[in-house]
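Trainee: This is what each chain is made of:
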Amino acid sequence: MRWKTNTYSGWGRALTASGQLARPERQSQVTPTAPAIGNRRSYGDAALNSGGRAMDMTRLDRILEFDTRTGDIHVEAGCTIGDLARVLPTRGWLPRVMPGTGFATVGGCIAMDVHGKNHHHAGSFGGHVREITLLTPDGPRVIAPDDTSIWRATIGGLGQTGVIASARLSLMAVPGRTMKVHERRAENFDEHIAMLDASQATFCVGWVDAAATGASLGRGIVEEAETSGAEAKHRTKTRTIPFDAPGFALSAPMVRMFNTLYYRRVPADGQFVIRPIEDFFFPLDRVHDWNRLYGKTGFHQFQCVVPTNERYALRGMLGAIAEAGAASPLAVLKRMGPAESGHLSFAKEGFTLAVDFPNRGATPELIAHLIAQTIEANGRVYLAKDSLSTAAQARAMYTHLPEWAATVNDIDPERRLETDLTRRLALRTAI
Amino acid sequence: MKTWVILGATSAIARAFIRQEADTGAGFLLCGRDQNDMLVTAADARHRGAAAAEVCAIDMRDADSFAPVLARLQTISGTICCAVFVGSMPEQSEIDADPGLIPGVVIDSFTGPAQFLTALAPLMEEREAGEIVGVSSVAGDRGRLGNYVYGAAKAGFSTYLSGLRNRLGRKGIHVMTVKPGPVDTAMTWGSQLPFMATPDAVAKDIIAGLKSQRNTVYTKRLWLLVMTIIRLIPEPIFKKLSI
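Chains as they are written, first to last, in the numbering used here: chain A, 1 to 431; chain B, 1 to 243.
Check before you lean on any hint, since a few could be wrong.
Unchecked claim - Partial chain B-side listing against chain A, Cβ under 8 Å, derived:
no., residue
1, Gln35
2, Val40
3, His47
4, Glu126
5, Arg127
6, Glu128
7, Ala129
8, Glu131
9, Gly190
Stated by the list, open to error - Here are a few chain A residues that sit away from chain B, every Cβ distance over 10 Å (derived from the structure):
no., residue
10, Thr148
11, Val181
12, Phe272
13, Pro283
14, Leu293
15, Glu310
16, Glu349
17, Ala391
18, Asp412
Just so you know, the hints here were simulated from the structure itself, not pulled from any lab data. Note that the Cβ used here is the ideal one computed from N, Cα and C, for glycine as well.
So here's chain A without its partners, still in its complex pose (with noise of 0.2 Å):
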């Protein structure tokens, strides 16, 4: 197997690393002596090893076994969440919990413990992992929900405790290959977390405006969803973005005229329509490389969840976005449900909401204040988003931390699976 050396980036392209990458196409060629890369979707560093090596594990992704009577499936790690959406709905089943995009791999699924619009209701991604098989220095290791220990520091454990081969999921039944989607208009931030609290679908999802302001602050259109066998208008086709765009294309102006076209599209009484699971799932994968329309200084995703009876504080955080004119038109209100599968597990009871950011001056700035107003309000950000944040904070929020990084040093003495993420944060030093 042949290593290249190469610059790569995550799927912000803020960051980058300069480093050697493998691509096995075998599972006989992969070793647990660089971490693991899929299709490095983490918008940060979480997929970067600057000055090492990576595996990349992308052309591993074939399903090993499959009953369609029970919905229990394992395949190997580099499989891709919208490989399966397309393949397994036509016998019945589709995973449980289903990522923004489908370009995510089922190992990196597992090492950010993704989550999915439904996750008030089936929590989060390493919920639904039956087994995993991992590579560990000492060799393969076949791991269930039993063993807590290792258990508990690879969901969610940014691939530190081992390459994950392959995984078992269990499925969930759908009766065809389309979702029964409802949308509606929620005017402002109330009546949108109102609404997202009141709802009863089984999946649920709330895009805001992040440029209104004032008495329309945080509105935008709740997506409520189920399974369907209904028919779907054919898919939309991809398209690819072929250069990074310039600067004014996501400009505040742009984004304030975009978005109100956008929160006009669905009637003031709202609608049903029946789209194709991989449109509602992954609606921006139909845009090939749409992290270019943010130029070549690439954009930053600020992603935090905080408990319940904090909600208010992301209306304080919406204040401040929309203040800085710095939003784009991707931005993201969900209720989450308790579950915690892993130490570094992201989710948890509560509200989450994602926004994307261009790269511009003022954004580090902004985004550091978001964080410093989430660890206030108890809450956490995501570390498959983040750039930004520091050792102190990845603490404050973290706070299993200090048992994942003795599962993690136990299981990997070298440090040989640590990556530009876990370096920048100090995840595996006491300090």
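Please arrange chain B on chain A, whose structure you already have, making use of the hints.
Mentor: Below, chain B alone, put in the same frame as chain A:
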């Protein structure tokens, strides 16, 4: 039912092709050297809709290993199709340093699969149906500084395929020559090459080519234009170029 014999089933392009064809419910006999890896690919094919998928060890450099595969095919009823993804391409500089590598490249990329296909042909002729996909290369269109031994072997394979097409076409069997440019696989990992295609895109072009009964498919399509120009350059000029 249609059964695909795949030579070189561990290659990335083969895997992409198998995956896309599995969807149609075809059967597969996967042939190659790494049995463990092929077993995984076979399972994947079955779970994606293949009617059957078995593996069989074969080594292009050991013609004795062909017999069990051919014997197994005799017992499979229906239409037999074959897709060839084998080949090897050491760096030209390695070959220059060790000419002893040449026979291996020629066997892997030309004479091995030619020997297998020639042995398979009577069975296909007998059934008067089937398709053959031979993955050759744009490198075979003209000998160039960078990879002329691999290119020479693929030129031989392309010529063989055109003859085989001439022979089998009379019996209703379609032979398609595929000429990919650089493809993003383990073979090209770390090389800076122009107009790189993904294995999925190549597999898609192969399946589209079969559907429209094309004789030769360049993938990406752009390579047809590029290679036409390269072929037209007069030799006195071409010999001075490094392209």
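Trainee: Hint by hint, say whether it matches the structure.
Mentor: Verification of the hints:
no. : hint   : verdict
1   : Gln35  : violated (11 Å)
2   : Val40  : holds (5 Å)
3   : His47  : holds (4 Å)
4   : Glu126 : violated (34 Å)
5   : Arg127 : violated (31 Å)
6   : Glu128 : violated (33 Å)
7   : Ala129 : violated (28 Å)
8   : Glu131 : violated (24 Å)
9   : Gly190 : holds (3 Å)
10  : Thr148 : holds (30 Å)
11  : Val181 : holds (27 Å)
12  : Phe272 : holds (31 Å)
13  : Pro283 : holds (22 Å)
14  : Leu293 : holds (22 Å)
15  : Glu310 : holds (45 Å)
16  : Glu349 : holds (36 Å)
17  : Ala391 : holds (35 Å)
18  : Asp412 : holds (26 Å)
Hint compliance for this structure: hints 1, 4, 5, 6, 7 and 8 are not met, and every other hint is.
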